[in-house]
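Novice: Chains as they are written, first to last, in our numbering: chain A, 1 to 110; chain B, 1001 to 1113.
Please note that the accuracy of each hint is not assured.
Stated by the list, open to error - Cβ-Cβ distance ranges computed for the label pairs, FRET-style:
no. : chain 1 : residue 1 : chain 2 : residue 2 : range
1   : B       : S1084     : A       : R68       : 16 to 24 Å
2   : B       : K1065     : A       : S42       : 22 to 30 Å
3   : A       : T80       : B       : T1013     : 16 to 24 Å
4   : B       : S1084     : A       : G16       : 26 to 34 Å
5   : B       : K1065     : A       : T93       : 34 to 42 Å
6   : A       : V44       : B       : G1017     : 44 to 52 Å
7   : B       : L1113     : A       : R58       : 42 to 50 Å
8   : B       : V1012     : A       : G16       : 23 to 31 Å
Don't read these hints as lab results, they were simulated from the structure. All values reported here derive from a predicted model rather than from experimental measurement. Think of the CB as a built atom: it goes at the ideal place given N, C-alpha and C, for glycine as much as any other residue.
This is what each chain is made of:
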Amino acid sequence: GQQVQQSPASLVLQEGENAELQCNFSTSLNSMQWFYQRPGGSLVSLFYNPSGTKHSGRLTSTTVIKERRSSLHISSSQTTDSGTYLCALERGTNTGKLTFGDGTVLTVKP
Amino acid sequence: EAAVTQSPRNKVTVTGGNVTLSCRQTNSHNYMYWYRQDTGHGLRLIHYSYGAGNLQIGDVPDGYKATRTTQEDFFLLLELASPSQTSLYFCASSVGTGENTLYFGAGTRLSVL
């Protein structure tokens, strides 16, 4: 089975609404990362979050290892937040080998 | 901001053709990676390297070779391209692993007819 599962697969919001994206993993975790993929395809790193909660502007990432889940919360969504959000876990310690989920496609309407 | 440049941006070839995808990073990062992304899916690791002359096998290496000729340059070779290799290819680099930020190139869209 897939080691990293993301939900929902897609999400449509009105501008200003909040979003909660989930990432569940079935294998032991060494680190969890979140990435944003622009509609044109390019990717940027959002968070490295192996455990606990991290904040960056309107984004909050929370990883709970014992529950094998990580979440990404987007508050007060904007149209420019539209795109695909991918989580990835690193297998092994400092191996650099990431397993990605299939992503959540977020559409924020004006 | 770290720069990772991929070329070409788009490539069309025929079954059995020979393709080389190039990646250059200008920040002397130790680690470089090649991923493929198929429509509606996340990225899958093909090969990676932690320095010039080093090569590590990823999760989907079949049909691909890679070479890290310098600290800056990492190449992905498809010697007998097949339609199943039609995909979006990303190169990435990082200083190290774990908490080190991964920087991605803009991607190469490859079509094998």
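Novice: Would you mind marking each hint as holding or not holding in the structure?
Specialist: Outcome of the hint check:
no.: 1; hint: B:S1084 with A:R68: 16 to 24 Å; verdict: 32 Å, violated
no.: 2; hint: B:K1065 with A:S42: 22 to 30 Å; verdict: 26 Å, holds
no.: 3; hint: A:T80 with B:T1013: 16 to 24 Å; verdict: 36 Å, violated
no.: 4; hint: B:S1084 with A:G16: 26 to 34 Å; verdict: 43 Å, violated
no.: 5; hint: B:K1065 with A:T93: 34 to 42 Å; verdict: 28 Å, violated
no.: 6; hint: A:V44 with B:G1017: 44 to 52 Å; verdict: 32 Å, violated
no.: 7; hint: B:L1113 with A:R58: 42 to 50 Å; verdict: 43 Å, holds
no.: 8; hint: B:V1012 with A:G16: 23 to 31 Å; verdict: 43 Å, violated
Of the numbered hints given earlier, the model fails hints 1, 3, 4, 5, 6 and 8; all others are met.
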